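Engineer: Spelled out, the chains give:
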Amino acid sequence: MNRRIFIASSLASLGLTACGPVKEGLTNGPFRGALLSAENLNHAVFGTHGTAREYADADVDRDFRVNGLDTPSDSRYAGLAKAQFAEYRLAVDGLVDRPQQFTLAQLRAAGDRTQITRHDCVEGWSAIGKWRGTPLARVLAMAQPKANARYCVFHCFDVDQSGTPYYESLDLHQAAHPQTLLALDLNDKPLDADHGAPVRLRVPTQLGYKSAKWVSRIELVAGYENIGSGSGGYWEDQGYEWYAGI
Amino acid sequence: MSGERVYRHGVAERVTHWLWALAMLVLVMSGLQIFNAAPYLDASDKSNPQRRVLAIDAEMRNGVPVGTTRVFGLTFNTTHLLGYTNDGMNGESPRAFPAWLTLPGPQDLADGRRWHLFFAWALFVALVVYLISAAMRGTLRELVLRPSDLPKLLPMQAYYFRLRREPPPHGTYNPLQKAAYTVVLFVFFPLIIVTGLALSPGVDAAMPWLTPLLGGRQFARAWHFVLMALLVGYFATHMVLVLSTGLWNNMVSMITGWYRLKDHDGVGP
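As you go down the protein sequences, you meet chains A and B in turn.
Throughout the first sequence, residue numbering follows our numbering, covering 1 to 246 in sequence.
Throughout the second sequence, residue numbering follows our numbering, covering 1 to 269 in sequence.
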């Protein structure tokens, strides 16, 4: 029995990984198109309705795991961090009527919400954190998005080893979710550099990679095809789903 | 009656049977790809090593890499099989399941997820079409366990163990087959779909009662894995029985629909 499974799966793996034309067909051909259609189906069926479960103080992971990239190596970021982000400004621009430059104090003053929610990583692990910050909707409202704005794109301070900048995006429906925060504090302390200081996105209704760290600018756009490799985010450009609610 | 050919499986049933067989294979293999990114299971809502029920890991012992599998606190050396395994590049690396078991490549979480989520829909649609078609043709009632089958379960098992010369009289499917098909179709499949949905943050927000019902997010992941193992166990048993009860006749019937009756085979429910 085991041998049958072994042979069948070896053939499958071999066929799919070693055989050039087959692999090409599976990764770029109509099969790829079909695979991507499942993402739209998931988005349509599961969407971003409802609110993520909120927890009690006792459930919080005080030592919240750091994942992915840690403190940005960017020199602009290092300079800002050295001065405790006194010179930091969050830009909100693009398709808006009133472009904004928020200081951290102005961001805090724009609104305040605390949520204790679970962070589900695409890798499979989960952690619970206490996040405090400003609902993204408030910040966007102050900039007054134009009628043709459909997405907000979060540009971040970080670049990976090959120099590719980190970015993420949400559509305005997801951005308006009451739990979608621009987080400033984690577990009752200002965010540290590893967790995304001074401002990170927090989207508890989607997988963790949507919650971009080190946000420097929010750009409102009609489409994200011309940003990065065009898939709507750093991880999306590496093949992950844009809709990360599943 | 023995030797007579009967039309047993309708077109929709045969097509969907093979479709969900394919979907299951891809789902298991892409699921192991996803599992490899966090190769442990916790009976908890958040990740919690204190409540870890399974961990597949690699460590160095006396300068030699060793694959370990820890189940309910018991540790086994599983080098080459689990933990420290084939990496698909002519060598071995710390990875829970070997490269030849993970789709679509040795290490590809992004595409593994895409394949998994696509074939989950394929399995769901195939199952629904199969159930509707079988119910409409009346074949579903032939394979569902009924109260009147319960007293026949032990005698049938006794026949399998060669403790009895004759099986109890039965219809199209014997009582043990009915029990297996009923459990797989109406318990395992719905549960593996529900536990899969519970892993999605979007579904958690839309149906906040679901994940706590399963013991939490990580617990739901553990149930999803256990159900996968049960379905693989069912598949193995299914293969043994297909092979031992006449591979040719079984395959022909699942391809053309026509089945040649054997001794003891009845027709009807």
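Note that these hints are calculated values from the structure, not bench results.
Here the structure is a predicted model, which is why all the values come from computation and not from measurement.
A couple of the hints might just be wrong.
Unchecked claim - Some chain B residues well away from chain A (every beta-carbon gap over 12 angstroms; in silico):
1. Phe35
2. Leu74
3. Glu92
4. Leu103
5. Arg113
6. Trp115
7. Phe118
8. Leu127
9. Leu163
10. Thr182
11. Ser200
12. Ala206
What the hints assert, rightly or not - Derived coverage of chain A by chain B (criterion: at least 3 residues anywhere in the stretch with Cβ under 8 angstroms from a Cβ of chain B; other residues may be distant):
13. 47-61
14. 107-121
15. 134-145
16. 180-188
Note that the Cβ used here is the ideal one computed from N, Cα and C, for glycine as well.
Engineer: Now, for every hint given, state plainly whether the structure supports it.
Structural biologist: Here is what the structure says about each hint:
Residue placement check: B:Phe35 does not keep its beta carbon more than 12 angstroms from all beta carbons of chain A (closest about 7 angstroms). Every CB of chain A is more than 12 angstroms from the CB of B:Leu74 (nearest about 22 angstroms), matching its label as outside the interface. Every Cβ of chain A is farther than 12 angstroms from the Cβ of B:Glu92; the closest lies at roughly 16 angstroms, confirming the non-interface assignment. Remark: the non-interface label on B:Leu103 conflicts with the geometry, its nearest Cβ contact in chain A lying 7 angstroms away (cut-off 12 angstroms).
Residue-level check failed: B:Arg113 sits 7 angstroms from the nearest beta carbon of chain A, not beyond 12 angstroms. With a minimum CB-CB distance of about 7 angstroms to chain A, B:Trp115 fails to clear the 12 angstroms threshold, and the non-interface call is violated. The beta carbon of B:Phe118 sits about 4 angstroms from the closest Cβ of chain A, which is not more than 12 angstroms, so the claim that it is off the interface is violated. Residue-level check passed: B:Leu127 sits 16 angstroms from the nearest beta carbon of chain A, beyond 12 angstroms.
Non-interface status of B:Leu163 relative to chain A is upheld: no Cβ of that chain comes within 12 angstroms, the nearest being about 24 angstroms off. With a cut of 12 angstroms on Cβ distances, B:Thr182 stays outside the contact zone with chain A, its closest approach being about 23 angstroms. Taking the minimum C-beta to C-beta distance to chain A, about 4 angstroms, the non-interface status of B:Ser200 is violated against the 12 angstroms cut. Not every Cβ of chain A is farther than 12 angstroms from the Cβ of B:Ala206; the closest lies at roughly 4 angstroms, contradicting the non-interface assignment.
Counting residues of the segment 47-61 of chain A whose C-beta sits closer than 8 angstroms to any C-beta of chain B gives 9, which meets the bar of three, so the coverage hint holds. Judged by the Cβ-Cβ criterion of 8 angstroms, the segment 107-121 of chain A is covered by chain B as claimed, because 3 of its residues qualify and three suffice. Here the segment 134-145 of chain A counts 0 residues with a CB under 8 angstroms from a CB of chain B, which misses the bar of 3, and the coverage is violated. Using a Cβ-Cβ cut-off of 8 angstroms, 0 residues of the segment 180-188 of chain A lie near chain B, which falls short of the minimum of three, so the contact claim is violated.
Hints 1, 4, 5, 6, 7, 11, 12, 15 and 16 from the list above are not met by this structure, while the remaining hints are.
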